[in-house]
Amino acid sequence: DTAVSQTPKYLVTQMGNDKSIKCEQNLGHDTMYWYKQDSKKFLKIMFSYNNKELIINETVPNRFSPKSPDKAHLNLHINSLELGDSAVYFCASTPRGQGAIQYFGAGTRLSVL
Amino acid sequence: DAKTTQPPSMDCAEGRAANLPCNHSTISGNEYVYWYRQIHSQGPQYIIHGLKNNETNEMASLIITEDRKSSTLILPHATLRDTAVYYCIVIGAAGNKLTFGGGTRVLVKP
Chain E
8 DTAVSQTPKY LVTQMGNDKS IKCEQNLGHD TMYWYKQDSK KFLKIMFSYN
58 NKELIINETV PNRFSPKSPD KAHLNLHINS LELGDSAVYF CASTPRGQGA
108 IQYFGAGTRL SVL
Chain W
-9 DAKTTQPPSM DCAEGRAANL PCNHSTISGN EYVYWYRQIH SQGPQYIIHG
41 LKNNETNEMA SLIITEDRKS STLILPHATL RDTAVYYCIV IGAAGNKLTF
91 GGGTRVLVKP
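Chain order of the listed sequences is E and W. The opening residue of the first sequence carries number 8 in the numbering used here; numbering runs sequentially from there. The opening residue of the second sequence carries number -9 in the numbering used here; numbering runs sequentially from there.
Okay, chain W solo, but in the shape it has when bound (with noise of 0.2 Å):
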């Protein structure tokens, strides 16, 4: 599975949209990219996928650029309980063997 590139943090205020970006150069073209979040004494709570076209659902939005070798995860208004860990992963087709980097700590701000 390709290695993907995330800022370790960013603050967001409350109310507007969080940006959080994810690079992954080496993605190849069957891999799809997978977010997720974890919040502090939580376990990790499956977000948003997509293959190469942009994805919306009721927690956020995907946007993954024409070439794919990057993608934002949008947070359209941020909320305080929006404030986690956030983790960008490419997994295969077939794929189910999650692992977890860095991530990106956002913290959302009143």
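So that you can see chain E by itself, here it is in the shape it has in the complex (with noise of 0.2 Å):
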């Protein structure tokens, strides 16, 4: 009964591979979010979606493309992965009207070799 979910917990590649890290929430939540955490723990915002249509984005490179295919599923590709794509990578939803309440799932954390 997990409300956020995110798969795998742990993703180790290579430099250059192209990698998709899945998100889901069964909490009926309209908006969803991707966050990467860096090393020094900096949780910065990378995408959002409402309703499956995109209101955010980040400045993030465009080796990172979001696809939601309905709302309760945010998942994240990364075509060329490179060493400073290493983070934590978190996705979490909010209710409508609740923007700054979120719910995050457990993470992905990223090492690129």
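Hints listed in this document are in silico derivations from the structure and should not be mistaken for laboratory results. Accuracy of the hints is not assured; some may be wrong.
Unchecked claim - Pulled from the structure, derived: some chain W residues nowhere near chain E, Cβ distances all over 10 Å:
{"#": "1", "residue": "M0"}
{"#": "2", "residue": "T16"}
{"#": "3", "residue": "E45"}
{"#": "4", "residue": "P100"}
To be verified - Here are the simulated SDA-like pairs of lysine to any residue, each with C-alpha atoms no more than 25 Å apart in a straight line:
{"#": "5", "chain 1": "W", "residue 1": "K87", "chain 2": "E", "residue 2": "H84"}
{"#": "6", "chain 1": "E", "residue 1": "K16", "chain 2": "E", "residue 2": "H84"}
{"#": "7", "chain 1": "E", "residue 1": "K47", "chain 2": "E", "residue 2": "N64"}
{"#": "8", "chain 1": "E", "residue 1": "K29", "chain 2": "W", "residue 2": "Q32"}
{"#": "9", "chain 1": "E", "residue 1": "K51", "chain 2": "W", "residue 2": "S31"}
{"#": "10", "chain 1": "E", "residue 1": "K48", "chain 2": "W", "residue 2": "I64"}
{"#": "11", "chain 1": "E", "residue 1": "K16", "chain 2": "W", "residue 2": "F90"}
{"#": "12", "chain 1": "W", "residue 1": "K87", "chain 2": "W", "residue 2": "I29"}
{"#": "13", "chain 1": "E", "residue 1": "K47", "chain 2": "E", "residue 2": "L34"}
{"#": "14", "chain 1": "E", "residue 1": "K78", "chain 2": "E", "residue 2": "G104"}
{"#": "15", "chain 1": "E", "residue 1": "K43", "chain 2": "E", "residue 2": "A79"}
{"#": "16", "chain 1": "E", "residue 1": "K48", "chain 2": "W", "residue 2": "M0"}
{"#": "17", "chain 1": "W", "residue 1": "K87", "chain 2": "E", "residue 2": "A10"}
{"#": "18", "chain 1": "E", "residue 1": "K48", "chain 2": "W", "residue 2": "E21"}
{"#": "19", "chain 1": "E", "residue 1": "K16", "chain 2": "W", "residue 2": "I29"}
{"#": "20", "chain 1": "E", "residue 1": "K74", "chain 2": "E", "residue 2": "L34"}
{"#": "21", "chain 1": "E", "residue 1": "K74", "chain 2": "E", "residue 2": "L18"}
{"#": "22", "chain 1": "E", "residue 1": "K48", "chain 2": "E", "residue 2": "S87"}
{"#": "23", "chain 1": "W", "residue 1": "K87", "chain 2": "W", "residue 2": "D1"}
{"#": "24", "chain 1": "E", "residue 1": "K78", "chain 2": "W", "residue 2": "N86"}
{"#": "25", "chain 1": "W", "residue 1": "K87", "chain 2": "E", "residue 2": "D77"}
{"#": "26", "chain 1": "E", "residue 1": "K43", "chain 2": "E", "residue 2": "D25"}
Glycine is no exception: its CB is placed at the ideal position from the N, C-alpha and C atoms.
Could you use the hints to bring the two separately framed chains together as a complex?
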């Protein structure tokens, strides 16, 4: 009955590869997010989707492409992975009208070698 | 959104109250104070938020000074499971772009 679930939890890959991270929420929320947390634990927003429509894109390289097949899912595809992409990626969702009260997944730790 | 300043770390005895301060001297009139925490290897967890009145829920209490330039998160009876990094952020009423800085690393000791 996990509210926001991400897969995989860990991802180790070589530079130049393409990988995807999946996120699903069963809370009935309309808005979902992707965040990146770097090694110093600074968390920054990357993207936000509201009911399958992109509403926030924070100057993220276009190697990162979010996809929302329906409002319960927001996946993140990363092309041509670079060493600097190593981080923990968090998915989150929020109820309508509660923009800053967000429910986070457990994170996906991406290591690019 | 206004910048916040928190002490980097603090210890607390199990069963005692933990008082976590946050300075936000540049907060503007329509900005709220939110608190989140992040337990090791987990995603951030919302705790509480407020505008100018003190707030309480099942997790914590939030005390905001009258001039709104600082606030204190109170964990009334800290348990070992409250060991985490606590983040104070200030964000506008319609804001949804959360940005976490250094936070306060709280260690609850038996």
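The hints, checked one at a time:
| no. | hint | in the structure |
| --- | --- | --- |
| 1 | M0 | holds, 16 Å |
| 2 | T16 | holds, 18 Å |
| 3 | E45 | holds, 13 Å |
| 4 | P100 | holds, 25 Å |
| 5 | K87/W / H84/E | holds, 21 Å |
| 6 | K16/E / H84/E | holds, 15 Å |
| 7 | K47/E / N64/E | holds, 22 Å |
| 8 | K29/E / Q32/W | holds, 17 Å |
| 9 | K51/E / S31/W | holds, 17 Å |
| 10 | K48/E / I64/W | holds, 23 Å |
| 11 | K16/E / F90/W | holds, 21 Å |
| 12 | K87/W / I29/W | holds, 21 Å |
| 13 | K47/E / L34/E | violated, 30 Å |
| 14 | K78/E / G104/E | holds, 16 Å |
| 15 | K43/E / A79/E | holds, 20 Å |
| 16 | K48/E / M0/W | holds, 17 Å |
| 17 | K87/W / A10/E | holds, 20 Å |
| 18 | K48/E / E21/W | holds, 24 Å |
| 19 | K16/E / I29/W | holds, 16 Å |
| 20 | K74/E / L34/E | holds, 19 Å |
| 21 | K74/E / L18/E | holds, 19 Å |
| 22 | K48/E / S87/E | holds, 24 Å |
| 23 | K87/W / D1/W | violated, 30 Å |
| 24 | K78/E / N86/W | holds, 17 Å |
| 25 | K87/W / D77/E | holds, 21 Å |
| 26 | K43/E / D25/E | holds, 17 Å |
Hint violations for this structure: numbers 13, 23, all remaining hints satisfied.
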